[in-house]
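Undergrad: Protein chains in written order, with this note's numbering: chain B, 195 to 946; chain P, 1008 to 1218.
These are calculated hints, taken from the structure and not from any lab test. Note that the structure is predicted; figures quoted are calculated from it, not measured. Don't take every hint at face value.
[As the list claims (entries may be wrong)] Some chain P residues near chain B, calculated using beta-carbon distances under 8 Å: (1) 1020; (2) 1026; (3) 1086; (4) 1088; (5) 1094; (6) 1095; (7) 1124; (8) 1156.
For glycine and all other residues, C-beta sits at the position ideal for the given N, C-alpha and C.
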Amino acid sequence: MPRPKHAEPKLVNIEINGIALQVPEGEYLVDAAKRVEADVPVFCYHKYMEAVGMCRMCLVDVGYKQPDGSVRKMPKPQASCTLPCSEGMVAWTETEQIIKDRKAVLEFLLINHPLDCPICDRGGECPLQNNTQFYGPSTSRYIEIKRHLPKSLPLSDHVMLDLERCIQCGRCVRFTEEVSGDAQLAFLFRGAQTQPHTFQLTEFNSRFSGNVIEICPVGALTSRRYRFRARPWDIVTQKTICTGCSNGCNIYLDSRGGEMVRINARENPQVNETWTCDKGKFQPNIMRAPNRIQQPMIRKDGALQPVEWHEAYALILERFQDERDKGGVNAVAGFAGQRMTNEDLYLFQKLFRAGFGSNNIDHRLTRYQGDLNKDLYTPLGTFAPQNEMRDLEATSLIFIFGSDLIDEQPMVYLRARKAWHRFGVKALVAYPVPTEAEHFAENALRYQPGSELALASGLLRALLGLLPAEKLDGIEGLEKIRDSVASCDPGWVEAQTGVAPGVLERAARMIADSPSMMLLAGEKVWNHREAQTLIHMLTQITRVTGNADKEEGGLNLMPLAANGQGAIDMGALPNQLPGYRSLAEKASLEAVWGCTLPTEPGLASDAMFQACLESSVKCLYIAGANPVAEHYDPTLAARAVQSVEFLVVQDVLMTETAQYADVALPACAFAEREGTYTNFERRAQRTWQAVPPTGEAKPDWRIFSELLLRLTQQTPAFNPREVMKEVGQVFPAYAACAYDHLKDQGVRWQQG
Amino acid sequence: MDRNVELIRITERPKPPRPEEIPLRFSETAVQELDALVSHYPDKKSALLPALWLAQREYGGVLTPEAIAEVALRLERSYAEVEGVATFYTMYNKQQMGKFMLEVCTNLSCMLCGSYRLLEYLEEKLGIRLGETTPDGLFTLTEVECLNNCGDAPVMQVGDVYCRKMSVEKMDALIDQLRGSDEHSVTRLADAIVNIQLSAADKARIASEHE
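Isolated chain P (complex conformation) (with noise of 0.2 Å):
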């Protein structure tokens, strides 16, 4: 409710940037790999969403105003419509999200198994609620639908990987293992996401154009 009385004091609005003023920072292999997603497709408006997974890995696993920006014009398309595809998805990451994004499915089977006391023992290990990150940056916690990996419920996702039949115990491991990880779960997941969709000949172009 404060966020919309504030929003109501507001009388003027700021001026939508102009194409100059957005910092680019899409990295070059970025920009080539964006031009061989663009080419996939018979517009760039239909490269949107793969565009807008390498602004999650550009930009450190979030989509903020600045990378929805970039998209836009590197797509040209307006910004708004771009902020609008980044909304309606769930997956991309409108806030700063921790190193690790711990996902706990909580559908069907995985409730059966005993999802919500993993929930509950995490809360209350890392010290954080339900979608909360923790003070130090390195864990947010977040609850899924289905992870379509029913039989080896209960199931939770961390990046790229699946982990399956957690327990208290492989839930500890996990936790100290990543502690001592210098991997970027989020940005890792969006690079993954970003690989599967570029071809072969597309990844050893950029591949040989870097060299």
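Bound conformation, chain B alone (with noise of 0.2 Å):
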């Protein structure tokens, strides 16, 4: 069963330590004794997997209050891990017992431990070590020879073993198990010899194996990555969240010295849970990469030649103002990256919308170039994408359309997985090859590549097939969008994309029969050749199902990069306004910046390229992005960036698009300053400073700043607050993620 979103849990009576409390019923007893600040110590229990009770270190006293008032005592220390709260519930976590008990566990676990903390990765963060200094003997009676194990075993490029360190808890084996579902590590043999194995010693390729090291209790894994480069109290650990996609995963970013050496998992329930996936925790170190911008550049006779900051500014303006009083506002144009932060896109745009005068301002790199407030949010009503991640355990149907989610959504695909795994979800997914999802998908479309459009319009007319009527009353323009995909039958569906009609009815069938459903669509539709259409087409299926305005199903179209959704929310679009508001409805923006604004849409990033091909466009400046390597059609973007006469590039690296700069900035990379980042589920999400900027770098909202105040005379803003606060003013759904609101976890946006 789908887990409700909004049950209000059943409450029970208990008494731990002779503190009276009330907690949800079924909560694990272990889970409840750290409400009343009782320490429990465990080594295989972990909040977000099924509990086994395999090391017995959770041992509390329990009875159960009688009828009659006296407490019945259970005749031996239960495992406070698998033992579900429930009404009437006595336990002692502190007794004479216990204390002894938590001893001999620790004695009993400490026997084949080698107890080579000195020259662990783990000394100093070790729940073995930490559990036998608070709770553990000063000494073993066992004098026998330890056992001797492969003590540095290479499962992978990430994951070194060590046999001997183990202490068969299982987490490791159970995450593979349960949750990243690849099972790829297993207990071999048995009694003293068992060990954590992969198959006949073959590579530990899960896309998530990085969590094994965190969740490892003792040292037995850890990373190759990290492996002697510190120790636990001579690194800084801070908060802030990973960028590599539009997940948004929190993470705990230490360094050393001012030096990355690792990246941990930080819990978000909402979000990651307390997950990270190998792309976001072995991502290379970008802050000491060796291509990296060090100070500003500027192209002199053929070769960039660095300069002070000044020079730099002074040329870029020169260049812009005296094109764009020359050329027009259309001779200018910006391209934002989606690896800024909010405050970036934010102040990106102004500087070209109050400074320049111009709205030729993009962020897109994929062949859907729309406008999403026509093609999408009018007409479900609401803006997409609509769910959170939550929704995924809530939802009865996830439909993964177009997307290969373990790639391009890592946290979506384990959240999908759990909600299949705990609670029953269905799922159902459309990608032209096999897939990672397919394994716990009940029903898989595998199309021809091309041909998402024609599969969706076929799924269309089957569910208007077979929904019942009563359902179907109250859509607006039915008889419209019967007529549009009347054509579509299953066998004109069958011939375009090699779906055989069984396969879509069963598929069609499963929507049907969903009381709710969440449509999560990726690349394969932002990239798709009519993907206006398709979008059309997604939303009416969204609609007649009864989704678009459900708390637990809706359309999400989730942004491919980090910041996708930022951008768009920020309007680094050229015919949006911060707010998703229309060019009309300038007034408002106007009142606050304190100048006009222009009126004509500006160019999509398309047709902002192409000009740069005919010369119409004379001076780029492409901030925090890569569109030679990353554009749909890299292509163009190549000619594009050569032949323009002008270009800027502000980014962190020498990338392929840096390398045709005429000016280079550099800008500071995630870790080196502050700021915010919006995820898929619209969670606005703050990213703090870990580690000092590299050479001159400065982050991207403050080069925008200065440039800003140098051409409107302004007062600047002084920090990415003060900018968030200035979007709250003019995006009033972003008022509720000011700064302070925002603390560790992040505020997930409204629409007003």
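Build the complex from these two chains, which are given one at a time in their own frames, with help from the hints.
TA: Structure, rendered in structure tokens:
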């Protein structure tokens, strides 16, 4: 059964260490004990995995209140990690017996543990070490020779296994079975020989292998990257978020002497629970990349030469203003990158709109460059992505359309898998080739590449035939929808997509029978040849199935890069102002900015690059993007940046695009500055500065701010907090996302 | 220890086999038997143990990595999970055993009735130590826990046959008899275990399909 989103848990009365409290029924005692700050040590228990009670570390004394008021104690101590709380439960966590039991369990666990803490990466942050310190015996009575096993066995490029240190808690094995689902680790042999291993010592190539390093309660699984690089007490831990994709995983970034040494997951039950993907956890250290832009550079005699910031600013402003005065506002254009924060994107579009008076600004690298307001939000009646991560567990069907989820949105994949595994949520996958998500999907539609539109039309037609008439009654323009897909019968769909009529019928029936459906659309939709029509079709599917206004269902067009959602929100678009306002609604913005704004819509990115080729755009400002490598049509982007007269590239690295720059500006990498990102579920989250900037790099917002100051002579924003305040003024939904409200876990903005 | 040193020296792990790389060696009958066994359970995972017995029979008495991979593939489980199960149970052979496995009980009753003396006699007669296989690949000598036949101690098991009230003379006769036999005790035991689990209807259906 899907987990209802707003279910009120039933509360039960229990007593822990003499303190009476109310907890939700079924909550494990080990969690309930945390509420009264009774510390119950654990090894095998993990909040986000099913409890198994393997390590016996969490033993407590338990009894139940009898009708006559007395307490009947269980004869033996119980593992609190597998004991659900029920009415009248009484527990003691610090009795003499329990203290003795803990000592015994630890003495047992340490029989074969090598105690090589001084050379162990875990030393200092090791649950075994801590628990032994707090609860363990001071010495051991075992004098026998310890078991010897391989001590540094690389399982993959990321994970190193030390079999001597393993205490067989099974966390890693259970993680691969339950959470990541690839089951690549298993316990081999039995008894004292039990050891976690991959099949025949083959590579541990799970996409989420890094998590086992973090959940290992000893130093048995260590990171090869972090190995021997630092000790826990000489690293500085900074909370921030990962900018690898639009999931916005909460992470801790650990640095030593200003050098990033590792990334660990930070718990956020709304987003990544406590997991990371390998792409994020083992991302290259961008801060120390050899090809970083170290200082501002200007092309002189065919080569980029280092200059002072003010020289670069002067040249940029001179050329941009000059060309704008000569060729009109369409002679300048700006391309914003989706790796930039909301503050950066906001100031970037302000620089172009208020500073240069041009709407030529875009962020899109995908083939779809239409007006989302018109194509999606208006027909749907709401801002998509409609759902948040948690809804995956509450919905009854997850329809993954045109997205290789594990690659594009790893955390959504994990959560969708969890929804299937724990709550029996069904999944339906439509993708041209087999994907990992097919393993848990009930039905898979494998279509010919590029035939997404035919498939969606066929599905819509089948749905209109299957859905009961009373459900379809209230749908506006139903006849028009019916007519538009009238010719898409199953035979035609099969000819177009290769999906057999039976398979299509089954899929349509699945959708029609589900009370709610979350549609997750990905890269194949964004980059479809007729993306606009396809998005329209998906919108209609969502509407006719009644999911457009459902809380646990809806359409989710997931942005592909870190701040794709933020770029839309901040109005880094040629035809849309911040806060989804059309260009006609510029009055409120003019009031805040104190200037008049252009009304003529600007060029979308394709048109912008085309204009560069045709030399009607003379000056192009690319900030935080690498279209030459990432644009759906790299040739167009490459030709555009080569042929444009004056190119400014502001980025962290000397990218393929930056090679062609006339002015290259160094920007701070994500961990060198602070800001906010909006993830695919519209959750604005903060990042913090973890390491000092490299060279003369500045945060993107500061560069824009300094340019704006020189242009408008207005008091600039001094920090991202102020920028966010201004965003709140022009886009009221973001007022809730001011820095004071964001805290550690972020805020999901709601349309007013 | 040498193996450990060797393991550490390797820094690159081979990739796990892709499904299409696994040579499938189950015979047609075995595939049908597996299908029948799977139908006894709510999900495929539950048929893991009988499937491993089938594999042990099909692969000549030993669960090679290929055998484990094939079982995993046929039951849609991960390789590691099946390997974990196979290595947990001692009756699944991970190494090639002799044609005849001589499993001598050394639990209390049999020990009191002289099973260790029998073991020593066998070691001397076959020229091997406990746990070893004769060079001609005929006999493997192992020690097992209680065979649940204490009344007839000392007991030993060869394949699916119990040899009761063993003595040196009976042992000589048994060894001579086995040398002349062309049975394969390990696969026969596996076959017997598979057959116990199949219902009469399953067996009849598989037999009829084969004619």
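Undergrad: Please go over all the hints and tell whether each is borne out by the structure.
TA: Okay, the hints, checked on the actual structure:
At about 4 Å, the closest approach between the beta carbon of residue 1020 of chain P and any beta carbon in chain B falls short of 8 Å, and the interface hint on this residue holds. Here the hint on residue 1026 of chain P is broken, as its CB sits about 11 Å from the closest CB of chain B, past 8 Å. Interface hint at residue 1086 of chain P: satisfied, since its Cβ lies 3 Å from the closest Cβ of chain B, which is below the 8 Å cut-off. Interface hint status for residue 1088 of chain P: upheld, as the beta-carbon distance to the closest one in chain B is roughly 5 Å, under 8 Å.
The beta carbon of residue 1094 of chain P is positioned within 8 Å of a beta carbon in chain B (closest approach about 5 Å), and the interface hint is therefore held. The interface hint given for residue 1095 of chain P is met, as the beta carbon of that residue sits about 5 Å from the closest beta carbon of chain B, less than 8 Å. At about 29 Å, the closest approach between the beta carbon of residue 1124 of chain P and any beta carbon in chain B exceeds 8 Å, and the interface hint on this residue is violated. For residue 1156 of chain P, the interface hint is violated, since its Cβ never comes within 8 Å of a Cβ in chain B; the closest pair sits about 25 Å apart.
This entry does not satisfy hints 2, 7 and 8, going by the numbered hints stated previously.
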